[in-house]
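Just so you know, the sequences run in chain order Y and D. Numbering of the first sequence is given in my numbering, commencing with residue 1047 and proceeding in unit increments. Numbering of the second sequence is given in my numbering, commencing with residue 161 and proceeding in unit increments.
In short, the hints are calculated from the structure, not lab data. The C-beta atom is built at its ideal place from N, Cα and C for all residues, glycine as well. A few of these clues could be false.
Think about it this way: if two alpha-carbon atoms lie no more than 16 Å apart in a straight line, the pair counts; the simulated EDC-like pairs of lysine to aspartate or glutamate are [said to hold, decoys possible]:
1. Y/Lys1288 with D/Glu224
2. Y/Lys1090 with D/Asp439
3. D/Lys324 with D/Glu275
4. D/Lys460 with D/Asp448
5. D/Lys445 with Y/Asp1134
6. D/Lys445 with Y/Asp1051
7. Y/Lys1286 with D/Glu275
8. Y/Lys1295 with D/Glu224
9. D/Lys346 with D/Glu398
10. Y/Lys1288 with Y/Asp1305
Covered by chain D, per the in silico footprint, the following chain Y stretches (three or more residues, Cβ under 8 Å) [unchecked claim]:
11. 1054-1064
12. 1273-1280
13. 1283-1297
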Amino acid sequence: MVQVDAKILENREIGSQRYKMALSAPQIGRQAKPGQFIHVRVSKSFPPLLRRPFSVHRVQGQKIEILYKVMGKGTEILSRKKGGEYLDILGPLGKGYQLPSATSKISDIILVAGGTGVASLLFLAESISVANPELSILVLIGAKNREELLSEGDFRRLGCGVEVATENGTKGYKGLVSELLEKCLPLSGDKPKLIVFACGPSEMLKMIGKISRKHRFPCQVSLEERLACGVGACLGCVVKAKGSTYTYKRVCKDGPVFDAGELIWE
Amino acid sequence: MMRKAKEKPPNLAIELAGISLKNPVMVASGTFGYGEEYAQLVDLNRLGAIVAKTITLKPRLGNEPPRMVETASGVLNSIGLQNVGIDAFINEKLPFFREYDVPLIVSIAGETTDEYVQLAKTLQGEKITGLELNLSCPNIKYDRKLMFAQDAQATHQVVSRVRKATSLPLMVKLSPNVTDIASIAKMCEEAGADGVSLINTFTGMAIDIENRKPILHQITGGLSGPAIKPIALRMVYEVHKTVKIPIIGIGGIMTAGDALEFIIAGAKAVAIGTGNFVDSLTSIKVIDGIREYMVKNKIKDIKSIVGSLKCPKS
Chain Y
1047 MVQVDAKILE NREIGSQRYK MALSAPQIGR QAKPGQFIHV RVSKSFPPLL RRPFSVHRVQ
1107 GQKIEILYKV MGKGTEILSR KKGGEYLDIL GPLGKGYQLP SATSKISDII LVAGGTGVAS
1167 LLFLAESISV ANPELSILVL IGAKNREELL SEGDFRRLGC GVEVATENGT KGYKGLVSEL
1227 LEKCLPLSGD KPKLIVFACG PSEMLKMIGK ISRKHRFPCQ VSLEERLACG VGACLGCVVK
1287 AKGSTYTYKR VCKDGPVFDA GELIWE
Chain D
161 MMRKAKEKPP NLAIELAGIS LKNPVMVASG TFGYGEEYAQ LVDLNRLGAI VAKTITLKPR
221 LGNEPPRMVE TASGVLNSIG LQNVGIDAFI NEKLPFFREY DVPLIVSIAG ETTDEYVQLA
281 KTLQGEKITG LELNLSCPNI KYDRKLMFAQ DAQATHQVVS RVRKATSLPL MVKLSPNVTD
341 IASIAKMCEE AGADGVSLIN TFTGMAIDIE NRKPILHQIT GGLSGPAIKP IALRMVYEVH
401 KTVKIPIIGI GGIMTAGDAL EFIIAGAKAV AIGTGNFVDS LTSIKVIDGI REYMVKNKIK
461 DIKSIVGSLK CPKS
């Protein structure tokens, strides 16, 4: 974990209100694991006061990438940054995805992305394909419409199978990506070999959590939450998790990736 | 280190309620965890002191989320004193500080006066530097509806009983949600407090207009950050006119300039709160900035400018 002033290499609009930013941050790149995030101070003046968290989308040598959608004032300011400017970033933070070990019986991996949820899953797919090239990865990408689908080509270039779902049916399956997941599940006898990783809006993750319970396969979900400190100190970002009755876990430190089974969905 | 022999570096060291601090810049309770969360980012040994997150007798789960929302130049929170409880604090959190050379002030809160006394007694033998009584958390329910720091008599009672129970330096964290904070500070002084920390957060709220619901689950929360700084400063100024015990100034400090305003208004030390979230190095930058200010203005000793405000004669 370091706090550095990182040089912006590129900040490119890749779709309507969606941007990809590349930063020179070798230390963070070396340490980052899929599912971890960086906490970005978008402006030295305020408001906005607090940092904004973004999953690491990709690491390439000295360079890290984030992928984001303009949601409010913070991301709006970020979208206007130009290559050559510097950005105060803190990271890598949080607990990322737990990759299947080489000795595990896992043979099938499904990644489920909703909207900008592709951000952390591309880094995951790259890491798995380097560590375990024999594993087959199926990626399900969901969006409202064809124009908002992200990263399809990047996943294909890695050799992943890709299926898409759009809510208005302009491309691929018409409906929610969680419904598409249920259709793509392997036959029941093969489920012990399956693991699912999901990132996207909380409603989507909740549904995928339900499906994982019903079909009994391991599932890790990456939660999105507004954060203050990002390092586990302020306890502002907690989610309810199972305990003797229940307990609270910090999205920024105990997550953002959780086993779907340990969370209490409300 | 090469330095011109004549130019002595400015002296930032202070003594606060019997505690020697390397400099007057502390980190405020609830914004710095138990130190370990920030240890990779901040050289803890450079800090004036660390005030740990408030501890209660029993572990507390804290409030239902959402617990936090950003507002204009501020943050509203309703954490609800989530903490591991005094036993786990002593066994699991305190050992971490053994490696560090930084004063540790432990913030405690109870629902009753007896709980404060019991907490103070439990900590008496431990390796800590001082206590801060948190009488002013706006996010928990009190038997008596008001928080302690909103009731002068209750404040007097809890401070004097804890005073008798401990020999540790004793600070009291005050609430700004009162009509006359100076009179509450006076009560603390009379009851034997060694210092007052002000201020805690202002009660506030934020509403989601699309569904007409409060954003925080607890409806209201405590407002911190630069938004409250001018009010905190005014309160430090008022309390400084009223009491002789040292004041720790807290409220939206982001820069050395902010900290110096508090010191000039009468704070002997300051604490960084929300500023830690924005930039983990805020406290370090404030220390360096105070030193630069002193060099530039030929101030040899920080103590010489505490309460040095020049008001126009009326």
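Legend entry - Agreement of Y/Lys1295 and D/Glu224 with the hint, judged by alpha carbon distance not exceeding 16 Å: Status holds; Cα separation ~12 Å.
Inset, instruction - Report holds or violated for chain D covering the segment 1054-1064 of chain Y, Cβ cut-off 8 Å, minimum 3 residues. - result: Violated: only 0 residues of the segment 1054-1064 of chain Y have a Cβ under 8 Å from chain D.
Legend entry - Restraint check for D/Lys460 with D/Asp448, where alpha carbons must lie at most 16 Å apart: holds (15 Å)
Inset, instruction - State whether the coverage of the segment 1273-1280 of chain Y by chain D holds or is violated, taking the criterion as 3 or more residues with Cβ-Cβ distances under 8 Å. - result: Since three or more residues must qualify, the claim that chain D covers the segment 1273-1280 of chain Y holds, with 7 doing so at under 8 Å.
Inset, instruction - Take a quick look at whether D/Lys346 and D/Glu398 sit within 16 Å of each other, Cα to Cα. - result: Distance of about 11 Å is within 16 Å: holds.
Legend entry - Given pair status - D/Glu224, Y/Lys1288, alpha carbons within 16 Å: Cα-Cα ~14 Å, so holds.
Inset, instruction - Decide if the proposed pair is consistent with the structure: D/Lys445 and Y/Asp1134, CA atoms, cutoff 16 Å inclusive. - result: Roughly 15 Å separates the two Cα atoms, so the pair holds.
Inset, instruction - Mind checking the alpha carbons of Y/Lys1090 and D/Asp439 for me, to see if they're no more than 16 Å apart? - result: This hinted pair holds, its Cα atoms lying about 10 Å apart.
Legend entry - Satisfaction of hint between D/Glu275 and Y/Lys1286, Cα-Cα up to 16 Å: violated (28 Å)
Inset, instruction - Mind checking the alpha carbons of D/Lys445 and Y/Asp1051 for me, to see if they're no more than 16 Å apart? - result: holds (15 Å)
Legend entry - Pair hint outcome, D/Lys324 versus D/Glu275 [Cα-Cα no greater than 16 Å]: Roughly 14 Å between the alpha carbons, so the hint for D/Lys324 and D/Glu275 holds.
Legend entry - Pairwise hint evaluation, Y/Asp1305 against Y/Lys1288, where the allowed Cα distance is 16 Å at most: holds (11 Å)
Of the hints listed earlier, those the structure fails to meet are numbers 7, 11, in rising order.
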